[in-house]
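If you read the protein sequences in the order shown, they are chains A and B.
If you're matching positions, the first sequence starts at 1 in this note's numbering and goes up one per residue.
If you're matching positions, the second sequence starts at 1 in this note's numbering and goes up one per residue.
These are computed hints drawn from the structure, not numbers from a lab.
A hint or two may mislead.
Here are some of the chain A residues that sit facing chain B, going by a computed Cβ distance under 10 Å [what the hints assert, rightly or not]:
1) L11
2) Y31
3) Q38
4) K42
5) A86
6) C90
7) G100
8) G104
DEER-style ranges, computed between Cβ atoms [claimed, not checked]:
9) B:N55 to A:D27: 14 to 22 Å
10) A:S53 to B:N55: 20 to 28 Å
11) B:Q18 to A:Y76: 43 to 51 Å
12) B:F60 to A:L19: 31 to 39 Å
13) A:N63 to B:D84: 35 to 43 Å
14) B:Q18 to A:K1: 26 to 34 Å
15) B:L112 to A:D39: 24 to 32 Å
16) B:P8 to A:G83: 24 to 32 Å
For each residue, glycine too, the CB sits at the ideal point set by N, CA and C.
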Amino acid sequence: KQEVTQIPAALSVPEGENLVLNCSFTDSAIYNLQWFRQDPGKGLTSLLLIQSSQREQTSGRLNASLDKSSGRSTLYIAASQPGDSATYLCAVRPAGGADGLTFGKGTHLIIQP
Amino acid sequence: ETGVTQSPTHLIKTRGQQVTLRCSSQSGHNTVSWYQQALGQGPQFIFQYYREEENGRGNFPPRFSGLQFPNYSSELNVNALELDDSALYLCASSLDRPGEQFFGPGTRLTVL
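Full structure from sequences and hints, please.
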């Protein structure tokens, strides 16, 4: 059974810092990995999708990497802003692609102005 | 392009009742998935529909059922509600089964 772990569970940093969020998964047989952002009580916003054959994806100040063999992904946020405050969720889709995503519990991020 | 929409936004039911939640997929998407998110947890996969047929299911009992319609909108039905069913229910659509998933705003269900 696939398990996804996100470290740290919570993080508070001053505005302007670069930061890294970590995600690990137990079964390397994945189809893709997706990073999401969730604001309190709201739905999920897709940030980045990395296919299993890819090593990284970039969007603006965000960069996500994937090391499938070691079961790890990182989300790098450059020059953090107070608007980046949210919960960040990592999710993997199993190989074959037919089943749903398995999520971690998320990292609750606070950017201090 | 319209994103994923869900209705209602909030819902309060009592234990033992039945509930139907609705989802409208993003335009052109033929796959819809439903997730349950308890407070402080990541979403848990309930099931997935592809072209009106269920083709994947998580660890949820049969009282959780669904439908996908020809226009790719979808319903989640939950019978015999229990207190632990209180959660945020999220719908996600994608273009084909393994595609990037786009989520709706969710329906907050409270069971008393």
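Item to complete: May I ask which of the numbered hints given earlier this structure violates, with the numbers listed in increasing order?
Response: Result: hints 1 and 5 break, sorted rising.
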